[in-house]
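Asks: Listed below, chain by chain, are the residues.
Protein chains: 2
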Amino acid sequence: MVKKTEISLNHPRAKSLKTRHSLVSHVKSGVVTLAGVLAHGRGEAFDYLLGEKTTETAHAAIKTAAATMLLAEHPVISVNGNIAALVPEGIIKLAEVTGAKIEVNLFHRTLHREEAIKQLLEKYGAKEVLGVGEACSAEIPEICSERRNVDPKGILLADVILVPLEDGDRTEALRKMGKTVITVDLNPLSRTAQWANVTIVDEVARTFPLLIEESKLLKNQTKKNLQNIVSSFDNKKNLATTIEQINQRLSGLAKQGVYIPEANELYKEHET
Amino acid sequence: MVKKTEISLNHPRAKSLKTRHSLVSHVKSGVVTLAGVLAHGRGEAFDYLLGEKTTETAHAAIKTAAATMLLAEHPVISVNGNIAALVPEGIIKLAEVTGAKIEVNLFHRTLHREEAIKQLLEKYGAKEVLGVGEACSAEIPEICSERRNVDPKGILLADVILVPLEDGDRTEALRKMGKTVITVDLNPLSRTAQWANVTIVDEVARTFPLLIEESKLLKNQTKKNLQNIVSSFDNKKNLATTIEQINQRLSGLAKQGVYIPEANELYKEHET
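From first to last, the protein sequence lines stand for chains A and B.
The first sequence: position 95 = 95 (our numbering), numbered continuously.
Position in the second sequence (first residue = 1) + 272 = our numbering.
This is chain A alone, in the form it adopts within the complex (with noise of 0.2 Å):
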């Protein structure tokens, strides 16, 4: 459906537009949908405006939650189709260092994508991967999806989860039950990255590298030492940050409002 187009180096967004290719192969399997597509190029649009890079506030967000991770009794990361798709060594790698349990949980569930995403972790070399097929036993009632079924051993139990790339409603009714709440999401007005408690406004295959890294540093840490640095992190003071980073961004272009230089020719042409 997309060709394999071959993505020169050159391209100034070639790094995103492989990534992209990543994403898009896996749809085949069955571990992304096309709703998960979707969702993705919603991402690369805020990518866009944030300049496609890591920014200093998600440095910030990404250190706060190596360190909530580390605090954690029972931490989780729950995976859905595209982070599996996009970062599958990445997400044993951070369960590894930060002794969390993975367990998929998926909005548009079926027990042909939770396997396939079972397998694709598993040939990273994923050990256990909980929250596919029976093991859902435990409900979650605040939430209206197929969402609602988790892990008794994974979600049901955790104190701390991360949810990258996630959508609102679920992200919210975590929140309502307790549950300390990390996401990675590109778009900082969504209602996961409102929601949260740690929100990392960044790329997923740029964070998760970062977030290791930091976690590994952190992992020797004194508790004391962790908790410092989680209550001196303002979620909501980060988020207002990022916004204004991008509204900065945009705030040079609306001065010009044509920016492409030789489509204001055209302009000034017409103007006689």
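Calculated from the structure, these hints are not laboratory results.
It is possible that some hints are incorrect.
In the DMTMM-like style, the derived pairs of lysine to aspartate or glutamate whose C-alpha atoms are separated by at most 20 Å in a straight line are [claimed, not checked]: (1) K425(B) - E411(B); (2) K399(B) - E387(B); (3) K179(A) - E142(A); (4) K508(B) - E345(B); (5) K179(A) - E534(B); (6) K93(A) - E213(A); (7) K18(A) - E52(A); (8) K153(A) - E142(A); (9) K451(B) - E411(B); (10) K176(A) - E534(B); (11) K527(B) - D234(A); (12) K224(A) - D159(A); (13) K527(B) - E56(A); (14) K425(B) - E516(B); (15) K237(A) - E537(B); (16) K448(B) - E328(B); (17) K236(A) - E345(B); (18) K300(B) - E387(B); (19) K527(B) - E96(A); (20) K179(A) - D159(A); (21) K153(A) - E213(A); (22) K425(B) - E400(B); (23) K237(A) - E387(B); (24) K179(A) - E139(A); (25) K127(A) - E96(A); (26) K179(A) - E387(B); (27) K451(B) - E345(B); (28) K290(B) - E146(A); (29) K176(A) - E537(B); (30) K448(B) - D431(B); (31) K236(A) - E537(B); (32) K153(A) - E115(A).
Please arrange chain B on chain A, whose structure you already have, making use of the hints.
Replies: Here is chain B on its own, set in the frame of chain A:
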């Protein structure tokens, strides 16, 4: 691939989710490509920034677009997969009111897709659909993709072309050929938005009913009145205002960081 998940009417973004699902439902028949699904996601991101509503600047562009189409001698609506999937009925109604021809013009072109789109439009009552198969015997050499092939009875002859959800290269080429180009594009920074004569920064499912309504209202106006509407519209200024509106909205949100009242309550609880 995507299950017909029930979208609760209470969901705060039900309208957007419904539009998304209607797009995705057309992938199987070949009307919509994966690239089209991704592009829709990008559009959703900009709709977030606009507040998911038709702005005053969009209304001004819609009025001008209606007047421009009514003044045209040979108006044409250029149809791709996404627009056919999202507003099949709207395309036909608008063509009827403005006397425009309908031409299929695709970036990812196959005879199968052209025919799937033609069939979809005919199902909704289209009597003539140009640009399918052998009908595209003319060429626009300036366009370096399969979109260069056009119908001599349609786009080649046209003085005014409505190209919703268009790619930048083509808009640029059409402008350079001296055509008047109207577009509907949620991204005011896109090359299409930048190159078009009249840029409606809005979501097509919201725009089309308004554009049809406006065309009906203006249909009996004198040529002079219509010309006044067109000449008093400044696309560059309108684009600048649109970007400025996004800017102001983000400014307000940046001050808050978290703008969902209930999510904000949770922060307050923890601030004690």
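Asks: State for each hint whether it applies.
Replies: Hint check results:
no.: 1; hint: K425(B) - E411(B); result: holds, 12 Å
no.: 2; hint: K399(B) - E387(B); result: holds, 14 Å
no.: 3; hint: K179(A) - E142(A); result: holds, 13 Å
no.: 4; hint: K508(B) - E345(B); result: violated, 25 Å
no.: 5; hint: K179(A) - E534(B); result: holds, 16 Å
no.: 6; hint: K93(A) - E213(A); result: holds, 10 Å
no.: 7; hint: K18(A) - E52(A); result: holds, 13 Å
no.: 8; hint: K153(A) - E142(A); result: holds, 19 Å
no.: 9; hint: K451(B) - E411(B); result: holds, 15 Å
no.: 10; hint: K176(A) - E534(B); result: holds, 10 Å
no.: 11; hint: K527(B) - D234(A); result: holds, 14 Å
no.: 12; hint: K224(A) - D159(A); result: holds, 18 Å
no.: 13; hint: K527(B) - E56(A); result: holds, 18 Å
no.: 14; hint: K425(B) - E516(B); result: violated, 40 Å
no.: 15; hint: K237(A) - E537(B); result: holds, 15 Å
no.: 16; hint: K448(B) - E328(B); result: violated, 29 Å
no.: 17; hint: K236(A) - E345(B); result: violated, 55 Å
no.: 18; hint: K300(B) - E387(B); result: holds, 14 Å
no.: 19; hint: K527(B) - E96(A); result: violated, 38 Å
no.: 20; hint: K179(A) - D159(A); result: holds, 5 Å
no.: 21; hint: K153(A) - E213(A); result: violated, 27 Å
no.: 22; hint: K425(B) - E400(B); result: holds, 11 Å
no.: 23; hint: K237(A) - E387(B); result: violated, 52 Å
no.: 24; hint: K179(A) - E139(A); result: holds, 15 Å
no.: 25; hint: K127(A) - E96(A); result: holds, 10 Å
no.: 26; hint: K179(A) - E387(B); result: violated, 51 Å
no.: 27; hint: K451(B) - E345(B); result: holds, 12 Å
no.: 28; hint: K290(B) - E146(A); result: holds, 18 Å
no.: 29; hint: K176(A) - E537(B); result: holds, 11 Å
no.: 30; hint: K448(B) - D431(B); result: holds, 12 Å
no.: 31; hint: K236(A) - E537(B); result: holds, 12 Å
no.: 32; hint: K153(A) - E115(A); result: holds, 18 Å
Violated hints for the displayed structure, listed by number in ascending order: 4, 14, 16, 17, 19, 21, 23, 26.
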